[in-house]
Amino acid sequence: MLRLYDLFKRYPLFAWGLFLVSTTALVLSFLRLGYKEDISDFLPLDEKNHTAMSVYQDISGADKIYAVISTRDTTYTDPQELADGVEAFAASIERLDSIGFLSSVIKEIDMEKMLGVTDFIYENIPYFLTDKDYARIDSLLSDPGYIDRQIREDKQMLLFPSSGILAGNISRDPLNLFTPVPERLKNGGMSINFDTYDGYILSPDAKKAIVILESAFGAHESEHNASLAAMLEDAVSMTEKENSNLDIHVIGGPVIAAENARRIKSDSIIAISIAGILILLLLIYVFRNLRNILLILVSIGWGWLFAMGAIALFYDSVSIIVIGIASVILGIAVNYPLHLIDHLKDSTQPRSAFKEIISPLVVGNITTVGAFLCLVPLNAPALHDLGLFASLLLAGTILFVLIFLPHAVKTRKTTDRTTADPRLITRLAGLSLENNRRIVWGVLVLTLVFGFFSLRTEFDSDMRNINYMTDEQKADMEYFSSLANQNGDTENLYIVSSGTTWDEALSQSGIISRAIDSLVNSGMATRCNEVNSFLTSREEQVRRLARWNEFAGKFRESATTPLTEAALRHGFSPEAFSPFNDAISADYAPQDFENFKELYSSVFTGNISEDPESGRKSIVQVIEVPLSSADEIKDTLSGHREFGGLVFDVRSMNGSIADTLSNDFNYIGVACGFIVFIFLWISLGSIELAMISFLPMAFSWIWILGIMGILGIKFNIVNVILATFIFGQGDDYTIFMTEGLTYEFACRRKLLQSYKNSIIVSALIMFIGIGTLLVAKHPAMRSLGEVTVVGMVSVVLMAYLFPPLLFKWLTRRSDGSIRPYPVTLGSVLTGRYDFNRSEIRRKKNQTELAYAMECVMGRYLYKGREIETSAEKTLKKIRSRTDILLDYANPGDIYLDDKNGYGELALLLARLHPERKVFIYTSSGYAQAVIAACADGFTPNLHILDHKP
1 MLRLYDLFKR
11 YPLFAWGLFL
21 VSTTALVLSF
31 LRLGYKEDIS
41 DFLPLDEKNH
51 TAMSVYQDIS
61 GADKIYAVIS
71 TRDTTYTDPQ
81 ELADGVEAFA
91 ASIERLDSIG
101 FLSSVIKEID
111 MEKMLGVTDF
121 IYENIPYFLT
131 DKDYARIDSL
141 LSDPGYIDRQ
151 IREDKQMLLF
161 PSSGILAGNI
171 SRDPLNLFTP
181 VPERLKNGGM
191 SINFDTYDGY
201 ILSPDAKKAI
211 VILESAFGAH
221 ESEHNASLAA
231 MLEDAVSMTE
241 KENSNLDIHV
251 IGGPVIAAEN
261 ARRIKSDSII
271 AISIAGILIL
281 LLLIYVFRNL
291 RNILLILVSI
301 GWGWLFAMGA
311 IALFYDSVSI
321 IVIGIASVIL
331 GIAVNYPLHL
341 IDHLKDSTQP
351 RSAFKEIISP
361 LVVGNITTVG
371 AFLCLVPLNA
381 PALHDLGLFA
391 SLLLAGTILF
401 VLIFLPHAVK
411 TRKTTDRTTA
421 DPRLITRLAG
431 LSLENNRRIV
441 WGVLVLTLVF
451 GFFSLRTEFD
461 SDMRNINYMT
471 DEQKADMEYF
481 SSLANQNGDT
491 ENLYIVSSGT
501 TWDEALSQSG
511 IISRAIDSLV
521 NSGMATRCNE
531 VNSFLTSREE
541 QVRRLARWNE
551 FAGKFRESAT
561 TPLTEAALRH
571 GFSPEAFSPF
581 NDAISADYAP
591 QDFENFKELY
601 SSVFTGNISE
611 DPESGRKSIV
621 QVIEVPLSSA
631 DEIKDTLSGH
641 REFGGLVFDV
651 RSMNGSIADT
661 LSNDFNYIGV
671 ACGFIVFIFL
681 WISLGSIELA
691 MISFLPMAFS
701 WIWILGIMGI
711 LGIKFNIVNV
721 ILATFIFGQG
731 DDYTIFMTEG
741 LTYEFACRRK
751 LLQSYKNSII
761 VSALIMFIGI
771 GTLLVAKHPA
781 MRSLGEVTVV
791 GMVSVVLMAY
801 LFPPLLFKWL
811 TRRSDGSIRP
821 YPVTLGSVLT
831 GRYDFNRSEI
841 RRKKNQTELA
851 YAMECVMGRY
861 LYKGREIETS
871 AEKTLKKIRS
881 RTDILLDYAN
891 PGDIYLDDKN
901 GYGELALLLA
911 RLHPERKVFI
921 YTSSGYAQAV
931 IAACADGFTP
941 NLHILDHKP
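Sequential numbering of the sequence shown, starting at 1, is according to my numbering.
None of these hints come from the bench; they were simulated from the model. Honestly, I wouldn't trust all of these hints.
To be verified - For lysine-lysine, the following DSSO-like pairs were computed, each having C-alpha atoms within a straight-line distance of at most 27 Å:
| hint | residue 1 | residue 2 |
| --- | --- | --- |
| 1 | Lys207 | Lys597 |
| 2 | Lys808 | Lys355 |
| 3 | Lys64 | Lys241 |
| 4 | Lys9 | Lys265 |
| 5 | Lys844 | Lys808 |
| 6 | Lys750 | Lys410 |
| 7 | Lys355 | Lys64 |
| 8 | Lys843 | Lys876 |
| 9 | Lys877 | Lys917 |
| 10 | Lys777 | Lys474 |
| 11 | Lys843 | Lys750 |
| 12 | Lys777 | Lys714 |
| 13 | Lys777 | Lys750 |
| 14 | Lys132 | Lys634 |
| 15 | Lys207 | Lys155 |
| 16 | Lys899 | Lys948 |
| 17 | Lys345 | Lys355 |
| 18 | Lys597 | Lys64 |
| 19 | Lys777 | Lys265 |
| 20 | Lys948 | Lys355 |
| 21 | Lys265 | Lys410 |
| 22 | Lys844 | Lys877 |
| 23 | Lys355 | Lys9 |
| 24 | Lys345 | Lys241 |
| 25 | Lys948 | Lys877 |
| 26 | Lys899 | Lys876 |
| 27 | Lys64 | Lys777 |
| 28 | Lys750 | Lys714 |
| 29 | Lys750 | Lys808 |
| 30 | Lys917 | Lys9 |
| 31 | Lys597 | Lys265 |
| 32 | Lys64 | Lys617 |
| 33 | Lys917 | Lys873 |
| 34 | Lys355 | Lys750 |
| 35 | Lys873 | Lys843 |
| 36 | Lys873 | Lys948 |
| 37 | Lys877 | Lys843 |
| 38 | Lys617 | Lys634 |
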């Protein structure tokens with residue numbers, strides 16, 4: 001980075017040319033990207049859960065909207081007034097819906113359509129008769145007097161006023177042989193209890209009328225459904241204005257989705273407005289320089305553009321929800337330009353200042369990117385995209401900050417006066433919590449308390465709890481729940497039979513039906529509909545038609561003549577039962593699934609599902625079982641030897657998603673922790689420094705979980721994303737604290753204060769930026785604000801307390817003086833560390849030279865990876881070539897010229913020859929400071945020269 005910095009310093013036009021070319025390329029790539037919006041992308045669905053969710057959305061009417069019409073005067077409700085209200089509301093919709101937001105409006109039961117379905121059943125009766133039906137038919141016809149009695153009853157039925165409808169049925173089934181078949185259709189259709197008045201749909205108590213509307217856009221197209229919801233609101237207002245006694249409520253998935261989108265938009269505008277003003281005021285207060293504020297905005301803007309442009313290389317579209325959540329990630333990205341600008345703006349030597357800041361910036365970025373990459377392997381598509389997008393955004397921001405930003409920051413000239421940091425920021429940054437024993441012990445005690453309560457933290461997988469609904473919508477949802485057929489002691493099981501063709505799905509459905517029949521016959525289950533009696537595979541059709549042909553042949557031989565005679569005897573014409581006779585005489589062949597559209601497009605719409613992307617076709621049978629035995633029955637059906645389908649219930653599906661989310665959450669914690677710790681170890685070059693940087697994050701995580709457990713705040717699919725965010729933000733803070741401590745320890749120069757200033761400003765930006773979501777009314781957005789406030793308080797407190805506390809213990813005695821040899825994990829575990837003398841004990845048979853070299857190496861520990869690596873290499877070289885020391889064996893003062901090192905040889909010679917003076921010269925001011933710090937209290941006979949001897 002320094003070589004690149006020097007190159008761009010010499011050729012600035014090349015630098016800005018590269019910036020323009022790269023920005024143009026990113027913009028062109030970004031313009032190719034499309035967008036999608038589906039909140040279900042955040043659910044971690046494996047193949048089984050994905051199928052279950054897809055099928056359930058198809059059959060549960062997720063795209064349906066219900067308009068509930070009642071009267072304001074509840075003392076007396078006139079059904080006719082409700083019917084007139086339905087017509088008025090439907091008329092308002094017809095006037096307003098010129099674009100076609102609604103694909104259908106069902107204001108009454110279509111009797112003509114129902115009669116058409118009945119006609120279809122009788123015209124195709126052989127396809128729908130089951131073995132149970134034939135057993136009944138055989139039983140009836142085995143009675144010699146049955147035909148005559150039934151024809152007499154038919155004649156009596158025709159004398160009733162409603163005989164018009166009955167006449168058609170009697171002509172098609174004079175002997176009442178097929179009556180159970182159309183009766184089985186009563187269990188199909190609507191999933192709520194209802195009554196009718198002149199065909200209009202009323203509630204069971206006849207106090208409310210219901211209009212069923214179907215969105216043309218599904219449940220997840222929030223943008224279009226928002227326009228639909230607005231149109232319905234206008235229709236409600238128009239109808240209520242014309243009919244002052246009517247009260248109309250609209251409820252359903254698309255309306256709730258639209259209300260959520262509207263609430264999120266409203267909350268976002270309020271929160272962003274408040275946050276934008278406060279953050280701008282904060283930046284003005286801190287920097288008092290418009291140029292630096294604009295540079296921060298350009299840095300994170302370029303990082304965002306980099307992420308979008310890079311994503312476009314791999315994907316055609318990205319979730320707009322993921323892009324929205326990126327506002328959280330920007331809170332981490334802002335750290336990088338903030339730290340760089342704050343470090344360079346008052347420096348008279350920009351290259352040296354840039355060198356100091358590179359390491360913590362790069363290490364912090366690598367660990368944070370590593371944490372977000374942990375999201376990529378997750379099952380939820382949106383979390384995968386978020387992990388990739390966040391990683392690219394942070395990588396793009398750090399590239400801009402390290403490559404272009406140093407040349408845009410205006411640094412201080414030697415003649416310029418230094419600008420004092422804001423007093424409030426300075427006071428906050430100057431807090432030394434590690435020096436207050438009460439605070440230290442208080443934090444440790446609270447950590448134990450929060451550790452206990454952390455076990456109470458729960459994960460809420462119920463999507464309803466992160467949906468926003470008005471009080472009116474909640475009341476309407478409760479009302480519709482009361483109309484549902486299912487009671488609280490039972491559970492609906494959905495048995496899904498799938499295949500690449502409808503015939504494959506129907507074959508699977510036929511296989512599992514035998515097991516379902518046994519459950520129904522034993523009383524352990526109740527069928528919610530008879531879809532498998534009407535929609536069958538070609539193989540089952542062949543079997544049924546063979547049984548029909550057997551029945552029709554026997555009937556023609558033995559029953560045709562008695563039927564004709566009985567008809568004439570009771571006054572029927574010879575042609576009265578010709579439809580029945582035609583059916584008995586007709587030839588039938590197996591039919592394709594599409595030929596039964598009359599049924600599955602009306603009665604059984606809730607029993608078929610088709611996935612256009614995968615081509616999967618599914619038949620869904622629904623049974624109602626006792627809640628206590630639901631799991632046992634589900635396991636029995638799932639374990640059926642020949643059944644390759646899927647059995648699920650809503651409760652277990654949510655539970656499975658919750659388990660997956662919980663496992664993903666645990667994985668995020670473990671994977672993030674492992675990756676961050678390994679990167680810290682590699683980057684800092686010391687397991688002790690890695691632990692100093694990592695322990696605050698572990699402690700802060702205990703605090704976060706504990707506080708959430710105490711306050712009853714639950715994780716959900718939205719705020720769980722903050723797990724990686726908190727790791728990312730926390731490791732940035734602790735890395736800067738650790739780097740500042742090692743720099744001060746190495747050079748005895750104040751740097752930690754500057755880093756603390758940046759941390760305070762960054763933390764305040766995050767508090768403001770996401771903390772303002774606490775004013776949001778939407779549950780998901782408010783939960784983001786709650787977790788962020790809790791998390792940021794914990795992260796900043798731990799970053800401020802533990803790195804200085806632990807580093808101080810490693811490097812200083814209890815009286816505050818520097819330890820001759822700092823505490824290391826290895827020396828403590830081997831028992832070699834002498835805490836009384838703050839030295840390492842000499843090994844048995846260890847030479848004076850080896851012991852002196854080990855003591856000298858201790859002086860370079862915890863002073864940064866570069867310094868420690870240099871000392872290791874130099875001392876290793878001396879150990880392999882001890883003849884180097886012979887050059888300085890003569891008595892007298894020793895003079896050394898150290899061009900590239902940090903005085904390792906000088907320190908060793910001064911240690912070996914305490915009676916002699918050792919003089920060292922180096923042209924690097926940084927190296928001089930390091931040598932002085934290493935020699936302090938260790939080798940008083942070592943002197944640093946300002947000029948060459």
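Hints versus structure:
1. Lys207 <-> Lys597: violated, 35 Å
2. Lys808 <-> Lys355: The hint holds at about 25 Å.
3. Lys64 <-> Lys241: holds, 25 Å
4. Lys9 <-> Lys265: violated, 45 Å
5. Lys844 <-> Lys808: Outside the cut-off at roughly 30 Å; violated.
6. Lys750 <-> Lys410: At roughly 22 Å apart (the allowed maximum being 27 Å), Lys410 and Lys750 satisfy the hint.
7. Lys355 <-> Lys64: violated, 62 Å
8. Lys843 <-> Lys876: Distance ~18 Å between Lys843 and Lys876 Cα, so the pair holds.
9. Lys877 <-> Lys917: Since the Cα atoms of Lys877 and Lys917 sit roughly 23 Å apart, the hinted pair holds (cutoff 27 Å).
10. Lys777 <-> Lys474: Satisfied, since the Cα-Cα distance of roughly 15 Å is no more than 27 Å.
11. Lys843 <-> Lys750: violated, 37 Å
12. Lys777 <-> Lys714: With Cα atoms ~16 Å apart, Lys777 and Lys714 stay inside 27 Å; holds.
13. Lys777 <-> Lys750: Cα-Cα ~46 Å, so violated.
14. Lys132 <-> Lys634: The hint holds at about 26 Å.
15. Lys207 <-> Lys155: violated, 39 Å
16. Lys899 <-> Lys948: holds, 11 Å
17. Lys345 <-> Lys355: It holds: about 14 Å lies between the C-alpha atoms, which stays within 27 Å.
18. Lys597 <-> Lys64: holds, 21 Å
19. Lys777 <-> Lys265: The given pair, whose Cα atoms are some 11 Å apart, holds under the 27 Å limit.
20. Lys948 <-> Lys355: Holds, at about 26 Å.
21. Lys265 <-> Lys410: This hinted pair is violated, its Cα atoms lying about 38 Å apart.
22. Lys844 <-> Lys877: Given pair Lys844, Lys877 holds - Cα atoms ~23 Å apart, limit 27 Å.
23. Lys355 <-> Lys9: holds, 14 Å
24. Lys345 <-> Lys241: violated, 65 Å
25. Lys948 <-> Lys877: OK: Lys948 and Lys877 at ~25 Å, within 27 Å.
26. Lys899 <-> Lys876: Judged against 27 Å, a Cα distance of about 18 Å means the pair holds.
27. Lys64 <-> Lys777: holds, 26 Å
28. Lys750 <-> Lys714: violated, 42 Å
29. Lys750 <-> Lys808: It holds: about 15 Å lies between the C-alpha atoms, which stays within 27 Å.
30. Lys917 <-> Lys9: violated, 43 Å
31. Lys597 <-> Lys265: violated, 42 Å
32. Lys64 <-> Lys617: holds, 21 Å
33. Lys917 <-> Lys873: Holds. Lys917 to Lys873 sits at ~25 Å (cutoff 27 Å).
34. Lys355 <-> Lys750: Measuring from Cα to Cα gives roughly 16 Å; hence the hint holds.
35. Lys873 <-> Lys843: holds, 22 Å
36. Lys873 <-> Lys948: holds, 25 Å
37. Lys877 <-> Lys843: holds, 21 Å
38. Lys617 <-> Lys634: holds, 21 Å
When held up to the earlier numbered hints, the structure conflicts with 1, 4, 5, 7, 11, 13, 15, 21, 24, 28, 30 and 31 and fits the remainder.
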